[in-house]
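Enquirer: Single-letter residue listing:
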Amino acid sequence: MAFPQPKPEPPQLPQHLLKTIDCKQGAVRAVRFNVDGNYLMSCGSDKSLKLWSVGRGTLLKTYSGHGYEVLDADSSYDNSQLCSCSSDKTVILWDVASGQVTRKLRGHAGKVNCVQFNEEATVILSGSIDGTVRCWDTRSRKNEPIQVLDEARDSISSLKVSQHELLTGSVDGRVRRYDLRMGQLHVDFISSPITCVCFSQDGQCTLSSSLDSTVRLLDKSTGEMLGEYTGHKMKGYKLDCCLSSKDTHVLSCSEDGHVYCWDLVEGSLSLKLPVGKAVVQSLSFHPTETRLLTAMEGRVQVWGVQPEEAEEDIQAS
Amino acid sequence: MDEEDFSEHGIAPREITTSKEFSSSRRDEAAEKAKAISAQAALIPGDTLLEELISPARSSIGIELLTKMGWKEGQGIGPRLKRKPRRQLQAEASRMYGCALPPTGSEESEEDDEEFAPENVTFAPKDVTPVDFTPRLGVQGLGYRGLDPGLALLGRVTDEHVDLFKPQSETRSRLFGDRQRSSRRGGVAGQAFGVGALEDEDEDVYHRDSMSRYDTVLKDEEPGDGLYGWTAPQQYTKQKDRSRDASYLGKILEGFTLAQKPLEEKTIFPPPILPRDYRPVHYFRPQVIVSRLSGVSPALAEALKTSRGHMVKEEPQQGGRHQLDSGQRGALLGEDALKGPSSVLDLLRPEDRQRLLSLRNSSAQKPSTPDPPLPTPAGPLPTPSALREQEALAAWRGSSSSQSFKPFEKTPSKQARYELYLSRLRDGDKDALEQSLDPTMTEWERSREREEFVRASILYRPSSSSLSSRFTSAKHQEDDDTVEVHLDQEGDEDDKQEAVKMKMFGKLTRETLEWHPDRLLCKRFNVPDPYPGSSLVGLPKVKRDKFSVFNFLTVPESRQAAAPPKPLEQEKKSRWDVSEKNKEKKNQDPLSERISDAQNQAEPKSEQNSPPGSNSIQTAAGSSEGGSADQPSSEQRTKDEDQEEEEEEEEEKRPPMDLFKAIFANSSDEKSSSSEGESDEEEEENDAKEERSETEPVKLFVISSSSSAAPPASSSSSAVPPASSSSAVTSRLHTEAAASRQTSAKDEEEEFGPKLPPPSAAVDRGGATSTASNRQDEKSSKRSKEKKQKSKKHKKEKKKKKHKKHKSKGKSKKEESTSGSEEDEEDAELSTDELLRRLKSIRTPRTR
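Taken in sequence, the protein lines are chains A and B. Using my numbering, the letters of the first sequence correspond one by one to residues 1 to 317. Using my numbering, the letters of the second sequence correspond one by one to residues 318 to 1165.
Hint data in this document are derived by calculation from the structure and do not stem from the laboratory. Source: prediction; values computed, not measured. Any given hint could turn out to be false.
To be verified - Straight-line Cα separation of at most 25 angstroms, DMTMM-like style, residue types lysine to aspartate or glutamate; simulated pairs: (1) Lys840(B) with Glu144(A); (2) Lys840(B) with Asp150(A); (3) Lys727(B) with Asp811(B); (4) Lys352(B) with Asp319(B); (5) Lys820(B) with Asp22(A); (6) Lys47(A) with Asp22(A); (7) Lys818(B) with Asp22(A); (8) Lys818(B) with Asp263(A); (9) Lys246(A) with Glu69(A); (10) Lys824(B) with Asp212(A).
Stated by the list, open to error - Quick list of simulated restraints, FRET-style, between CB atoms: (11) Thr230(A) with Asp642(B): 42 to 48 angstroms; (12) Ser268(A) with Arg836(B): 18 to 24 angstroms; (13) Ser64(A) with Arg836(B): 56 to 62 angstroms; (14) Leu853(B) with Ser140(A): 36 to 42 angstroms; (15) Glu120(A) with Ser730(B): 40 to 46 angstroms; (16) Arg666(B) with Lys104(A): 17 to 23 angstroms.
Unchecked claim - From the structure, some residues in chain B lie toward chain A, with a derived Cβ separation under 10 angstroms: (17) Lys568; (18) Thr757; (19) Lys824.
Note that the Cβ used here is the ideal one computed from N, Cα and C, for glycine as well.
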């Protein structure tokens, strides 16, 4: 016997500040949730990568070994490894527990903007200002990448990996999707330099933000535009955008110190989250819950739906 | 110990004496040293002996203190004195017994002075002149040579040459410490003293004096007989001077001798002899610029210069020869420029260099007037432009590398001329520039072009040439004439930009390329390898001719790409809806189609159709294509004309088409002929092809120009049978080398084309037109046409396939593999339903 579906609850947005973490590592270049969303990584401009507990806001480990500011990081599916990339042209694979450098991957000709594990953490993909994406094998001890994707004509600014697809956004104004299964490369031209790309949770759409202060939702298979989101300011910085955990909203950093949140379908601005006065550098959405991380200057802020949720979490843990 | 020992000068003095510390032994070390040296050089060695005896060996501390206070040796010491008491003292002294000194005159004068001296005046104690130990000089007469210690003591002749080989030479024996004494022994030796213990021999022990040693006759003393000994005057020691001296006999003043060294004679040159017609007035000749003349030939210029005398001035801007740099000087001398890069700039990349140059020019040209490209009828100026010409020549000469950058791509004919120029440069042709310019152009145009070419050739000189002098080239040269090109290159941006502006994402902005992931990557991603057989990684690449036609000719690909028809949004009739225009377009389409066809086939065809040698021929022709582009042989033209006439009988519209065909004859034979439609000219054409194949690339530019010229002409032609038009639209393939310039140029052409009355074609769209974009309409019109003639297309497609099949397997395979990215070919094979569906899907975002 089927119960009637409960009323669709109003969209929940992470509009309450739960926690502010002062990372004490210079400017925070990027902040990322780990796979399950219990931990966060903050990439500092003081060459360090820090691992925090989201619930308690405590520092768990500091990973130092980069020669210059850390620009991006990712965690493996099993939380056993981290990878990070830096302006020092290297990608480092870390052992989470010991904090030791497992491998240091050199090969990029310029600073490395973005880094991602693939699903099984067998490959690290890194995109650099030299316009290449390099696929590093974590299983072998080879120092050369498996493959170098040099199709981009300008710096790679963003990179995402799904099961068998690789999505890259480049400053040459193109979003490239490498389909490994089909052996095809799909290039979508978006004229303005791309700052961030991501897949939707259902894997049917791609989201791309570009320097013309626009976030676009494109159909993955055809490249048609499904939605366009404007209002924020993104003119010069490489700022992040993302989709909410249930693909209901589109979020983007802005240079005016806010995080903009649009309704995915209607394209209307549903929330303008004031984070601070400076540029919102980075943001990350919790993989399952409605929780948002933002990075501004040296601080990381955790946002949630209800202010008391955090306390409950702490009590529970 | 004695008391003596304890006395002042004893060993252990018991009296108080000045210790060593206070008796400063160093009086004046420097002076002493100098004295010692001078003593060595003095006439008598040990000349300072007297001084050493008299002057104290050590000076007391008192002297030192006094000198430090400013006292000088010899200065009087003591308290100031009055005249009176002094006198009294003297009086007392005189009162003493003994030999009193007689009062001297000076004292008397003092006494006289004293009378005037006032009472209260005191005087410093009298100075004492220090004892002068220097030996008295200047007592000897002129020519006195003084004592030579060496001669005196060792019995040595002063200027004796050391002869080691003379067995019993004195010097030698002395040098070797030979004990054989010479007769003139120095020192004390003689019979009286016997033989010393250290002497080896005692030969003279029983010496008997003989009379022969004595003079028995009184006669004039022979010079050098030892009469004067070592103090003999010079005239006696030197015999040869005697004759000269003789002439002076009696004339020499007493005490003077003849100079030993003759005076050096001063050479005095006579003043130059003035020419007869010399006038001591300066006047100026008219200036002749040498360098201008030197343009003719350096030797001639030099001759002219000398013939003109030294009145000729150098060109003012060049200044002295020191202001010229080495290159300019070399140029003036007619030297070959050095092969290597002349400056650091040459090693830079062209774009960097250009930037630098532009920077420098912008800064340099402000004060000075920019040099206009002055046409000079009288040969090239040796101005910077000529120098640059030489530079270009030096840069390009012998460089076999093919040029990749095309600065005049916009105007193919100009590019052709430029290429010709470059090829001539490579051959080392000196007047390459003049020859490669179009003689039909006006003087002004030519001069401008000349300037441009030279500049471009310097700017875009082959980097290899600048470095070639430094590196040895590879032994096995790689296939130079081919480039690796991505098979599916991401196309032209312009149209996409347009699409993005209109927010028409989707087909217009999407490109799908074949991409080969690495096998390992697939493994790591747990994905089967999509191309199990191929070892390729990344985007597939194809080797292409560098001098391929397609580097020059490009086809606007995206215009032919599928565009959605917009029947609803059109509000105005556009020119593109004109049927004549459509025809014209059709006219172009086959061209582009053929080009694309040819392009796709170029690679395999050249391998299949032609023996291996032909490939090289093709490239060779390609390299020379720029050369003779301007002058296609008349023979060829007549052939073309014949062809044209033949076809004009069938269709008025054809002729330009055929021209195209003529160009691409051997690269796209069957396919193009199949698309040609139902015409049965194939054999005929093939014949023609064979004839043309040699010069085929030559016509390239003629055609490209005619292609732009043809459409307006053909637009006036009559209606075309649908069959041929459909054939024109059949298969459209993407072309890689779609240059935006070409398209824009074409756009212009079309824009300026004559406006034509609205045709029937516009009717089926409801007479709607759009102002938004011509391009859109054009696309849509094409699309509609495609729809109409789909069935025919299908037929043709099949036909084509047949052709392909019997041509070669490999080629068709390739076609198929690449066709994935080529939407239009797909389109052609799609069903109507599918097409409609797509159209709808495209339209939706726009209407939204």
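Enquirer: Each hint needs a verdict: does it hold in this structure or not?
Expert: Status of each hint after checking the structure:
no. : hint                                         : in the structure
1   : Lys840(B) with Glu144(A)                     : 17 angstroms, holds
2   : Lys840(B) with Asp150(A)                     : 21 angstroms, holds
3   : Lys727(B) with Asp811(B)                     : 17 angstroms, holds
4   : Lys352(B) with Asp319(B)                     : 39 angstroms, violated
5   : Lys820(B) with Asp22(A)                      : 42 angstroms, violated
6   : Lys47(A) with Asp22(A)                       : 16 angstroms, holds
7   : Lys818(B) with Asp22(A)                      : 42 angstroms, violated
8   : Lys818(B) with Asp263(A)                     : 23 angstroms, holds
9   : Lys246(A) with Glu69(A)                      : 33 angstroms, violated
10  : Lys824(B) with Asp212(A)                     : 21 angstroms, holds
11  : Thr230(A) with Asp642(B): 42 to 48 angstroms : 59 angstroms, violated
12  : Ser268(A) with Arg836(B): 18 to 24 angstroms : 47 angstroms, violated
13  : Ser64(A) with Arg836(B): 56 to 62 angstroms  : 37 angstroms, violated
14  : Leu853(B) with Ser140(A): 36 to 42 angstroms : 22 angstroms, violated
15  : Glu120(A) with Ser730(B): 40 to 46 angstroms : 60 angstroms, violated
16  : Arg666(B) with Lys104(A): 17 to 23 angstroms : 32 angstroms, violated
17  : Lys568                                       : 100 angstroms, violated
18  : Thr757                                       : 42 angstroms, violated
19  : Lys824                                       : 7 angstroms, holds
Consistency note: the structure conflicts with the earlier hints numbered 4, 5, 7, 9, 11, 12, 13, 14, 15, 16, 17 and 18.
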